[in-house]
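So the protein lines, in turn, are chains H and W. Residue numbering for the first sequence follows my numbering, beginning at 1 and increasing consecutively. Residue numbering for the second sequence follows my numbering, beginning at 1 and increasing consecutively.
Rather than coming from a laboratory, the hints here were simulated on the basis of the structure. Check each hint, because a few of them may be wrong.
To be verified - Quick list of the computed label-pair ranges, beta carbon to beta carbon: (1) H:Phe659 to W:His74: 53 to 61 Å; (2) W:Asn72 to H:Lys468: 32 to 40 Å; (3) W:Ala26 to H:Gln541: 57 to 65 Å; (4) H:Arg599 to W:Leu89: 41 to 49 Å; (5) W:Thr77 to H:Asn554: 52 to 60 Å; (6) W:Ile152 to H:Gly523: 39 to 47 Å.
Glycine is no exception: its CB is placed at the ideal position from the N, C-alpha and C atoms.
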Amino acid sequence: MKPPAIKFFLSIFFAFFAINFQAQYIFNLPLSNRQANYIIRVNLNTENKMLTAVQKLTYINQSADTLTELQFHAYMNAFMNNQSTFMKESNRPGSSGNPEWDFGFLKINKLSLADSANLLPSLTYFSPDDNNPDDRTVFKIKLPGKLMPKDSVILNFEFEVKLPKIIARTGYVRDYFFIAQWFPKIGVYEPAGMRYAKRGAWNCHQFHANSEFYSNFGTYDVYITLPQEYVVGSGGKLMDKKEDAKGLTTWYFRAEDIVDFAWTASKRFKVAEKQWNHVKIQLLYQPEHKDLVQRHFDATIAALEYFEETLETFPYPHLTIVDPPFYGMGSSGMEYTTLFTAGSFWNEPEGLRFTEMVTVHEFGHAYFMGMLASNEFEEAWLDEGFNSYFETKILDHYYGKNTGLIDIAGIQIGDFEFSRSGYASLKNKGMAEIYRNAWDYPYGGYGVYSYQKPAVVLQTLEGIVGEKVMYQILKTYFKRWKFKHPSTRNFIEIAAEVIEANSNGNPKFDINQYFSQTVYGSGHMDYAVTDISNQLKPGAQGWFETTGNLAVKNEKSTDQYESYVQIERFGEVILPVEVLVKFSSGREVLETFDSDQKRFRLKYSGPDRVVSATIDPNFKIPLDTNVINNSYSITVKQAAKRKIFATFLFWLQNFIQFFI
Amino acid sequence: MNLFNAYSQGFKETGKNLRVLFLLFAVNFVLAILAIKPLMNLITKGFGNSLAVTELLHGFNYTIINDFLSQNNHLFTFITAILLVIIPLYWLLSVFFSGGILHTLNRNSYTLTTFFNGAVANFLRFLAVSLTFIILQVLFALAVFGILGATIENFFSTASSEISIFWYVFSFFLSFSIISLFLQSISDYTKCYLMLNASNNILKAIWRSLVFVIKHFLNTFFLKLLLSLTPLPVFYIWYKITHDMEGATWLGLIVLFVLQQIFVFFRVYMHVWSYASVLEFYSHRFLLAEFNSIDKKSFTNWNNAATDISEEKKVSAAPIQETQKEEDVYMQKMDEEINKTNESKV
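Please construct the entire structure, taking both the sequences and the accompanying hints into account.
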């Protein structure tokens, strides 16, 4: 073994020692495997919008494989020029005329092992997803030796970042800085058996226009130095703050068991704090949003309560909410486990709950992505979809089922209703499946198939199995996979297991088929009642043989009806659905229709006629994209049509009167 | 007479004009019905035999509305087409009716014959005025919002918060509203001038009205503003009354419908009230002030007209004056007439 290799292994030994015996600042016991641990000292030059930093990364090889190379993300290089994969995919015009200030980059000036062995010559940028030679968002380095299973390596970086004008939730605008995806970040090594890996390999994707991230758990000790007049917030707990004679302040934050570290700085921030149980919530808000402070806290606490009740206690003792200025709205609605950006507007009416919606949603990512660190590149629905499902549950629970999002001037819209409408009103509902690489969704599909449709799919699952079983599934999924990297398959397996456990050996429906249709398949669901018919049973007419002779009969109709309800399936998705049939006598029958036929008739016979039939009367299956054809009545209530008529008439009368 | 007198007097005068009010309301109603009928056929067909429509009886239901519109997206095209036909048609009718409204108010003769005579007599000149002011409004809108569009990006990059942006944008809307009200005022007085003088000289009428409006700016502008703002509190009250009415029963539906139509009737009333107030103000100022800067050649016509007003109560001819003495005599006569008219109104 060559001398550098010996040094290499010595450094691994000391690093391992250091990691295992370092003080626990936040948690008594680690919550995660702490695979990638960073110590970063960074200076922010607020004038030229530059970061200069040194970073010490201690990476532990948790796999049983021996590693000879490491792969890293350099996300900030997505904004280096207009030839990067991110910029090409997002069809952005690029610069507004000032490329020097609009674009940004990450430049690694030094990279060495703890023993000073220079690794920079071995650094190679490459593009695993699209071979774009101009994309520099992923790089790899060759280790001089081997990184054995359970061993660790310490890497020292010196790098600088030129911040772009805020784009994709990172950068600067004037004196507001939101610093995210800013440091060289090691990718995730997936050994055989982890998620879908058949053999060990790095999972380190480029930064795409439609994708988020995938990261290891670890600790972050970050020292941020910048001018004193700036207020700083981060995903870490503030451990220390020191001012020097040059007018600079160094803020020291530490975070444990999180997957990423972001921070923000601005001169305009006002700080509000609230203690909720063990969590100290800090809100960095704009002075003009003072009236919205309580709304941020209320929404966050509502989410905290809901998640604690349905999944598990929020373990972190600190949480930072950032309320960006209007000129920094490009950074709003972004999540990091213990920090998120919301988004609000001066004088936002209480009946418009966009602030609450963003707050609840972004907080929810602490669970879906933060603690369940799924691969957002490849299975975006596991964080955005699950989180959207919870967002709608929380908003509609706390602010009203049909008023969770909007309740103003007679217009009432629930958050789930709104979410569902994004999918239900798509012209081409089958343009993609939910399960797909985030960057492979067709144009305009990312939001629908990673947020909205998954929320509907999960809500439908809840409708089928019941809320209690659904929460049992989610709780089991969370408990089993927290601080790990779950996959879609893991969730489906747990869902099947819990449903089976609750079905007394007689499962109501095939959960695998459900997900193969709704997550892996692109079909849509649309059942309809297309006809109701009632006919009096005819009396006997014609020639009948009685006692060996043929005799003619011409009886009148009986007083018994023969009725049928015609159900049709216009979509590809097949699910068991309930049908409520009402009869003229007031009698009601609730049937479960479970057939793969495209047209089916429910038949009834008796003294009363069928007057109406409604598929899914309790709206348990919101996946059905057309609720209008879900019911059929032989006597449509005219009052409803008259009311619509009167309302339309009234507004048209007013409208035309306006123009004179 | 100040703006408040004109405002209240206009209200009273409008109340006397019931036949015209009901005619205008009926035209609004029938036209809207004609337009809404095919739309309703589409809606009825769209809902078919679905029970979903009954959910709307209980109020706004986003899921049903969304699914309905998703399945019937041609509805928007249809509504747009209807509006494109009905708005110009109703606008033309309103130009036609405005001549009749002013004529009946001027003559204090609230018959449909007077109304239609006035409507026919004034249609072309009022159409010219209305078109001129639409063009002016469009030009001013282009100018104001053009400036806004050209400067907003720069303002965005320097504004410290959305508050200043709000006020910046608001100031442009406010400016345009003020300009628009100002133009509408001129338009109203131009119509009054043209009708009172039986003139076809649009440009001169606009010029005279412009001078008039500027000269009496506080009264003319704030009268227009007051008339424009009057519907807001009424709408608020109407909204509060009807907000929680579901209209789920036949009786509820009838009550709701009646309340809706009462509000539309009020809008029609406002329309006439607006003309009445303007005419009240103008006829007084016109008589008192016009003589100071009058076209002296037409006093004879004035004199003739003055004779007419003993029957018609108000003046409706262009003044000609030859000597100051004759003018004084006429003024005296006019003042007597005006006093007489006011007494009869009281």
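Against the structure, the hints come out as follows:
1. The hinted range of 53 to 61 Å is not satisfied by Phe659 (chain H) and His74 (chain W), whose Cβ atoms lie roughly 24 Å apart.
2. Distance hint check for Asn72 (chain W) and Lys468 (chain H): the Cβ-Cβ separation is about 38 Å, which falls inside the suggested range of 32 to 40 Å.
3. At roughly 58 Å, the beta carbons of Ala26 (chain W) and Gln541 (chain H) sit within the given window of 57 to 65 Å.
4. Distance hint for Arg599 (chain H) and Leu89 (chain W): a CB-CB separation of about 47 Å, consistent with the stated range 41 to 49 Å.
5. Range check, Thr77 (chain W) to Asn554 (chain H): about 56 Å between beta-carbon atoms, so the 52 to 60 Å window is met.
6. Roughly 45 Å separates the CB atoms of Ile152 (chain W) and Gly523 (chain H), a value that falls within the hinted 39 to 47 Å.
Hint violations for this structure: number 1 only, all remaining hints satisfied.
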